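Residues per chain are reported as follows:
Protein chains: 2
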Amino acid sequence: MKLSQGVEWMLHGVGLIAQAPDGVWVSRRVLAEHYRLPEAYLAKHLKSLVRAGVLVATPGPSGGFRLARPAAEITALDVVEAIEGSASPFACQEIRTRVPGAPAAYRRPCAISSMMDRAHQAWRSELRQVTVLDIVQMAPGPIRERTAARLAALAK
Amino acid sequence: MKLSQGVEWMLHGVGLIAQAPDGVWVSRRVLAEHYRLPEAYLAKHLKSLVRAGVLVATPGPSGGFRLARPAAEITALDVVEAIEGSASPFACQEIRTRVPGAPAAYRRPCAISSMMDRAHQAWRSELRQVTVLDIVQMAPGPIRERTAARLAALAK
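Line by line, the protein sequences give chains A and B.
Each residue of the first sequence is one higher than the one before, counting from 1 in this note's numbering.
Each residue of the second sequence is one higher than the one before, counting from 1 in this note's numbering.
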């Protein structure tokens, strides 16, 4: 069970975009340089975030990305599921129906499948409690100031 | 993010083994036939469960598997982690240290990494609350009776 590297990249990346001053669109190149990440892989994940309604994109030479809504209204779960999808990591194949004498379809959901689903919902619930604003505010002050200065320079 | 199919197989499989009468060792072949699963793949997962101390194995023609301790003392998490390992699906690469001007090592854990860890612990906690005995008892009565008859026949 593994999450894509893009989850870490984009949780940080969306946090960076959240800190951009009004009117500043953060380009893919700026993001890639900031975290020293491969631009081509970033492109794929940025597209997923636009598709999921977390980011909006503007094309052109001064183009880039900004948040689609305020940072306090985007949860970590929104970012994670934009990259990974929302399916449970447990794909139930209903092997209980293969047991000799078992019904072809049970009336009740399988206890194992329900348990795995509860675990997945507990995981999602933790990620829903943290917003992009929280992530930004949890970074150390000096780091935030340096990032702000860097993003302000882009506005010029 | 995907769990191995072996997780479903072995949650059911350990439940079946838990229902065997005293002195009956459930063979890999019986397990494979019961759920119509490929024996070769089962072998790998059964080995992992023995290694993790969930099952004990006995070799030979009447050999097979039984629980290493009472079903009420084996959690679903024990079974899942025997198959999948206990590592978090989020592998933090500390990309925050790559940011220009960032320290090579931070004093505090990354907020993103801590959040992903809390989510993983919430997932584990759900699976720790369900025992193999619970799984057995949640199966419908008629199915349990048929399984018991089948396992009793093995003892003869």
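No lab work stands behind these hints, which were simulated from the structure alone.
Everything numeric in this text was worked out from a predicted model, so none of it was measured.
Worth double-checking, as some hints may not be accurate.
Where chains are identical, the list cannot tell them apart; a pair therefore holds if satisfied intra-copy or between any two copies.
Pairs of lysine to any residue residues, derived as SDA-like cross-links and limited to a Cα-Cα distance of at most 25 Å, are as follows [to be verified]:
{"hint": "1", "residue 1": "2", "residue 2": "52"}
{"hint": "2", "residue 1": "47", "residue 2": "107"}
{"hint": "3", "residue 1": "2", "residue 2": "95"}
{"hint": "4", "residue 1": "2", "residue 2": "27"}
{"hint": "5", "residue 1": "2", "residue 2": "151"}
{"hint": "6", "residue 1": "44", "residue 2": "81"}
{"hint": "7", "residue 1": "47", "residue 2": "73"}
{"hint": "8", "residue 1": "2", "residue 2": "21"}
{"hint": "9", "residue 1": "47", "residue 2": "84"}
{"hint": "10", "residue 1": "44", "residue 2": "105"}
{"hint": "11", "residue 1": "44", "residue 2": "101"}
{"hint": "12", "residue 1": "2", "residue 2": "120"}
{"hint": "13", "residue 1": "2", "residue 2": "63"}
{"hint": "14", "residue 1": "47", "residue 2": "69"}
{"hint": "15", "residue 1": "2", "residue 2": "22"}
{"hint": "16", "residue 1": "47", "residue 2": "23"}
{"hint": "17", "residue 1": "2", "residue 2": "62"}
{"hint": "18", "residue 1": "2", "residue 2": "75"}
{"hint": "19", "residue 1": "47", "residue 2": "95"}
{"hint": "20", "residue 1": "47", "residue 2": "70"}
{"hint": "21", "residue 1": "2", "residue 2": "70"}
{"hint": "22", "residue 1": "44", "residue 2": "104"}
{"hint": "23", "residue 1": "47", "residue 2": "155"}
{"hint": "24", "residue 1": "44", "residue 2": "93"}
{"hint": "25", "residue 1": "47", "residue 2": "113"}
{"hint": "26", "residue 1": "2", "residue 2": "127"}
{"hint": "27", "residue 1": "44", "residue 2": "92"}
Hints and how they fare:
In this assembly of identical chains, residue 2 and residue 52 lie within 25 Å of each other by CA distance both inside one copy and across copies; the values are 21 Å within and 21 Å between. Proximity of residue 47 and residue 107 under a CA criterion of 25 Å is satisfied in neither setting, with 41 Å inside one chain copy and 34 Å between copies. When the C-alpha separation of residue 2 and residue 95 is checked against a cutoff of 25 Å, the pair qualifies both within a copy, at 24 Å, and between copies, at 17 Å. For a Cα distance limit of 25 Å, the shortest separation of residue 2 from residue 27 qualifies neither inside one copy, at 28 Å, nor across copies, at 32 Å.
Neither within a single protomer nor between protomers do residue 2 and residue 151 lie at most 25 Å apart by alpha-carbon distance, with minima of 32 Å and 37 Å respectively. Within a single copy, residue 44 and residue 81 get their C-alpha atoms as close as 14 Å, which meets the 25 Å cut-off; across copies the closest is 32 Å, which misses it. Taking the shortest alpha-carbon separations for residue 47 and residue 73, only the intra-copy value of 20 Å comes in at or below 25 Å, while the best inter-copy value is 47 Å. Proximity of residue 2 and residue 21 under a CA criterion of 25 Å is satisfied in neither setting, with 34 Å inside one chain copy and 38 Å between copies.
In this homomeric assembly, residue 47 and residue 84 come within 25 Å of each other (Cα to Cα) only inside a single copy, at 13 Å, whereas the closest approach across copies is 31 Å. In this homomeric assembly, residue 44 and residue 105 never come within 25 Å of each other (Cα to Cα): the closest approach is 40 Å inside a single copy and 29 Å across copies. In the homo-oligomer, the alpha carbons of residue 44 and residue 101 never lie at most 25 Å apart, since the shortest distance is 48 Å inside one protomer and 27 Å across protomers. With identical chains, the CA atoms of residue 2 and residue 120 are at most 25 Å apart both within one copy (14 Å) and between copies (12 Å).
Within a single copy, residue 2 and residue 63 get their C-alpha atoms no closer than 33 Å, and across copies no closer than 35 Å, so neither meets the 25 Å cut-off. Only within a single protomer do residue 47 and residue 69 lie at most 25 Å apart by alpha-carbon distance; the minimum there is 16 Å, versus 50 Å between protomers. In the homo-oligomer, the alpha carbons of residue 2 and residue 22 never lie at most 25 Å apart, since the shortest distance is 36 Å inside one protomer and 39 Å across protomers. Within a single copy, residue 47 and residue 23 get their C-alpha atoms as close as 20 Å, which meets the 25 Å cut-off; across copies the closest is 58 Å, which misses it.
In this homomeric assembly, residue 2 and residue 62 never come within 25 Å of each other (Cα to Cα): the closest approach is 36 Å inside a single copy and 38 Å across copies. Taking identical chains as interchangeable, the C-alpha atoms of residue 2 and residue 75 lie at most 25 Å apart whether they share a chain (21 Å) or sit on different chains (22 Å). For the identical chains of this complex, residue 47 and residue 95 are inter-copy neighbours only, at 20 Å across copies versus 37 Å inside a copy, given an alpha-carbon limit of 25 Å. Within a single copy, residue 47 and residue 70 get their C-alpha atoms as close as 19 Å, which meets the 25 Å cut-off; across copies the closest is 50 Å, which misses it.
Taking identical chains as interchangeable, the C-alpha atoms of residue 2 and residue 70 are never at most 25 Å apart, the minima being 29 Å within one chain and 31 Å between chains. Neither within a single protomer nor between protomers do residue 44 and residue 104 lie at most 25 Å apart by alpha-carbon distance, with minima of 41 Å and 28 Å respectively. For the homomeric pair residue 47 and residue 155, the shortest alpha-carbon distance inside one copy (23 Å) is at most 25 Å, but the shortest distance between copies (59 Å) is not. Proximity of residue 44 to residue 93 under the C-alpha cut-off of 25 Å is restricted to the inter-copy arrangement: shortest distance 19 Å between copies versus 30 Å within a copy.
When the C-alpha separation of residue 47 and residue 113 is checked against a cutoff of 25 Å, the pair qualifies only between copies, where the shortest distance is 23 Å, while the shortest distance within a copy is 32 Å. Within a single copy, residue 2 and residue 127 get their C-alpha atoms as close as 16 Å, and across copies as close as 18 Å, so both meet the 25 Å cut-off. Proximity of residue 44 to residue 92 under the C-alpha cut-off of 25 Å is restricted to the inter-copy arrangement: shortest distance 20 Å between copies versus 29 Å within a copy.
Checked against the numbered hints above, the structure breaks hints 2, 4, 5, 8, 10, 11, 13, 15, 17, 21, 22 and satisfies the rest.
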